[in-house]
Each structure stands twice: as C-alpha cells, then as structure tokens.
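Asks: Chain A is already provided as a structure; the job is to place chain B on it using the hints.
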Amino acid sequence: MNRIKRARTVQTVAVAITGAAAAFIIAAALFLFVYIVVRGAPAISWEFLTDVPRKQMKEGGILPAIVGTLALTLGTAAFALPIGVAAGIYLSEYAPRGRSTRLIRLAISNMAGVPSIVYGLFGLALFVILLDLGKSILAGALTLACLTLPVIITATEEALRQIPSDLRQASLALGATRWRTIYRIVLPAAAPGIVTGSILGLSRAAGETAPILFTAAVYYKRQMPDSVFADVMVLPYHIFILATQVTGRPDDIIWGTALVLVGGVTAISVAAATWRSIQRRKVRW
Amino acid sequence: MVTAQSHAGKGSFDLHDVSVTYGSETAIAGVSMHIEPNAVTALIGPSGCGKSTLLRCLNRMNDELGNAKVAGRILLDGVDVYDKEYDPVELRTKVGQVFQKPNPFPMTIYDNVAYGPRTQGIRKRSDLDALVERSLTRAALWGEVKKDLKKHAFELSGGQQQRVCIARALATEPEVLLMDEPASSLDPISTQQIEDTIAELKEYVTIVIVTHNMQQAARISDKTAFMLRESMEEPAFLVEVGETRTMFTNPGDKRTEAYITGRFG
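Just so you know, the protein sequences line up as chains A and B, in that order.
Counting along the first sequence from 1, when you hit position 179 you're at 179 in my numbering, and nothing is skipped either side.
Counting along the second sequence from 1, when you hit position 38 you're at 38 in my numbering, and nothing is skipped either side.
For reference, chain A alone in the conformation it holds in the complex:
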C-alpha cells in the first residue's frame, strides 16, 4: 500500500515537471510572438513595406531588404532543394550499408554542427574570392544553401524512410526499375514530409545574418537588385544595423522589421503545414 502511494506521488511529480516544461515552451513562444507584434505593429504601414529607407534609415521603408531576403531565400532554395533532395534519395534508397555511407552521414551531421559565422567565412573564401562572384545574391545564396543542405537531406531521408517498404516491393515486383519506383511511388508519397522539412530549413536560412555578412549583405542600398551578381540589403542584417549603427532612430522600426521577417517566415510555414495536412487527409497508410 505504501509502495503504491509512493509510486502515485512520483507519477504526480513526473506529470507536473514534464507539463511545466511544455507550458514553459508555449509561454516562451507566445511571449516572443506577442512582444514582436506589439512592438512592431505601430511601424507597419503601406509606406514601410513599399518605400526605401530615408533620412539615414530613420524613416521611409524597408522594401530593398524585403526584396533582398526574398531573392536570397529563393536562390538558396534553387541550390539546396535539388542537391539536398537528391542526396537524401541516395542515402535512403541507394546507399549500400558500409564505410562510405557512414562517412557521408558523418559529414552531414558535422555540416549541421558548424557555426553559421564559419559558413560566412567559408562563403567569402570560396564563392566571393576564389570563384570571383563578389559580394552578391549568388554568393550569399550558395553560402546559405551549404548551411541548409543538412536540414533538407535529413528531412528527405526521414520522409522517405516512413514510406512502407511493401510499396517499393510491389513496384519492383511489377517490373519497375528502382528509379521508376522512387519517382512514381516513393517520392510522391514522401513529398509532404520533404516539403515541410525543407521549408523549415529555408526559413532558418532566411533569418540568418552571419553567413551573408561577408557574402551578400550591404549596409544601405536604394536600388533594387538587377542581377544575381548584385549585393542586397537583407532583413536580419538591417535589424542589426538599425539596432547598433543608427542613432536617434525610433525603436518601433526595428521591431517592425523583425515583425516583417517573422511574419513572412511564419506565413510560409503555416502554408506548408496546411498543405501537408490536406495531403495527409488524402493519403493515409
């Protein structure tokens, strides 16, 4: 009886501790979100979203930074998605179990652990200087793609792994090659997982500052980029500049810029999650 009582107490404490941790996460996320919205909302206006910065960036808008971040993120997707998905397919569907595959996996998890500023230096050395791309959208997108690759590879591999192997067997047994099995059966079924994981990786890339510091971002530029070789203003770097370099600016434009960044990333994530749940309802295992 005593033992049972003690077990119950332990159980109650366990529920309390794990529950409190979960509640803390919700509270932190909620606070962050609400705080950014409350501080940033007053700055948001049509002019803020569509004008260039004026008066030493104390007034006007942030359009060049929005365009720059969009361009960099799309460029990142263009490089990281095909390579990452292809590598994920190789690892999940083709790679033989052995030393070389272990080496690839080790390389991927190491890539995921490299600090983003190191990617910045790497991008500066390889893309900006060695390949002579200069400080540009191209160099920045390539650098961010390196940073995002491990996320996309892992997401792809995980999504493919969840597809039941008897579907692959059924396709192979019908005289389909492995490749046909992958692109007609396995990939379509895994697409929702791949897309969600990839968007998560890309939204992280959209908010990165360090990797683009030396490879793409500029302090101030009124003109919109006219080619992939142009350097650009970007939202996260603009927040840093406003917060540290511009004296006498109203605080709400910093929070307004943060709100635009967070809002954009959230909108894309929500869209991806919605699409995924629609797909889930269509296909159930």
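Source of the hints: derived by calculation from the structure; they are not laboratory data.
Small disclaimer: the values here were computed from a predicted structure and weren't measured.
Zero decoy hints are in this set.
Derived coverage of chain B by chain A (criterion: at least 3 residues anywhere in the stretch with Cβ under 8 Å from a Cβ of chain A; other residues may be distant):
1. 51 to 65
2. 92 to 100
3. 116 to 125
4. 166 to 174
Taking beta-carbon pairs under 7 Å as the criterion, some of the chain B residues facing chain A (in silico):
5. VAL89
6. ASN103
7. PHE105
8. PRO106
Yeah, the Cβ is synthetic: ideal placement off N, Cα and C, and Gly gets one too.
Replies: Chain B alone, transformed into the frame defined by chain A:
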C-alpha cells in the same frame, strides 16, 4: 488493341539444387522441383521453413534484399533466370507477385492496375482501358468497382484491396503469378473470394502460392510441395512434392504425414 494473351503451356519452372544464403546463414538448400504450367502449386510447411524465401527466388525479389545469395539453377521455360545476362526487371514482367498484406499504391484503382502496363511503355488510353478492365475482371473485382475506377484504392475494403493487387499483377500479362499467403490478413468471406479467383486464374497463368493453411492448400492446389526446417542449425529443404490429392491422402514421407495430420507446425 492489346491482344488477350494466353500463355497456355508457358510459365513452367524447373529448379535444380537451389539454395539461398543470407550472409553466413543458409536458409534453404538443395531444392529441386518442377512447377507445371497452368496449374496451382502450393508451398506448405511450418513457419520459418523458407517457403517465402523460395518464392522470392522465382522473380528474383531476393536480389533486392542485399545480402541474399541464390545458388543452383532456376529455369523459366528452359531459360536460366539467374544468368548474368538475364534482366530481373524483365523477369518480373513475366512473373508477377501478390504479397501477404494488401499493398495498393496510394492512387486510384485505375492507376494501380495501369501501373505495370505504363511501366512497360503502354500509353494509349484505349489499350490501358482494355487491360484494366480485363485484369479487374479476372481478379473478380470489375463488377464491384467499374463505376469507381477513379476512387482511391485505400477506400476499398481489405479483401477488395487484395484483389486490386491481384489485378495489378495480372495487368502485365505475366506467365506466372506468385502469391505469398495472399489471404492470411483477410476475413473468411474475402478469403473465399480470393480462393475462387485463384481457381479461375490458372486458365491464364501458372500459380505458385505459399500458404500456412493446409485446408486452403488442399482446396485450391493441384500440386503441393512440403518444406521443412528441422532445426535452426540446418537449412530448410524440400521434403516432397506431388499431386495435392496424393499428398493429403497418402503422403510418401512420414514427416509430411505428421505435418498434415497436425502433429506439429
């Protein structure tokens, strides 16, 4: 129009001293037998006796398991299917398979059945339509689904899904159909329907069916092969193969008799 192929007389297998090893473990050894065309051959035996492993040799699905090695000779209509020049992808268009658990693709009934023909490059709508109708008819499902061909296959019952899988395997017009306990996850009524289907199918294809259900083997097969693994240290082997009626009434081997009368397994 694709002609309705009948493979009468084709689709016979000859196995000579077939053995399968996984890594260092020999799963089955020394299997020699003849599989007759346009007949139903049942592979029976206790679980773990290598029935499914042997079945997977016939369409080289063991190739896909990575570490499986097949030795001996397996001839399909006199041609060695394990010859270096023989393409397993081509073999599988001649030797179809139905799996233990219904495994339709996540797509419509029509697309499921048309998958094999499309893989072979058949694109013409009228040809595909004809193949889909014929295959579903042979799988005894046409009447139930002809108005719902655009329906997602996952919306069907388990028994219907399995018959979609049979139709899907038939759509490549194979000479042989391998069935790995095709009714083991189904209810009695669905099982009955699958068994009726099998009886009609042997007009078009050779059928090799793995089953752990001896009554089922007795009901539907013409030939029965009994396999056994006597201990975990030894590989499984073929005890005997013969006319189903003889096997079940007057088996030649004591071990067959013991298994069939339910003394083990």
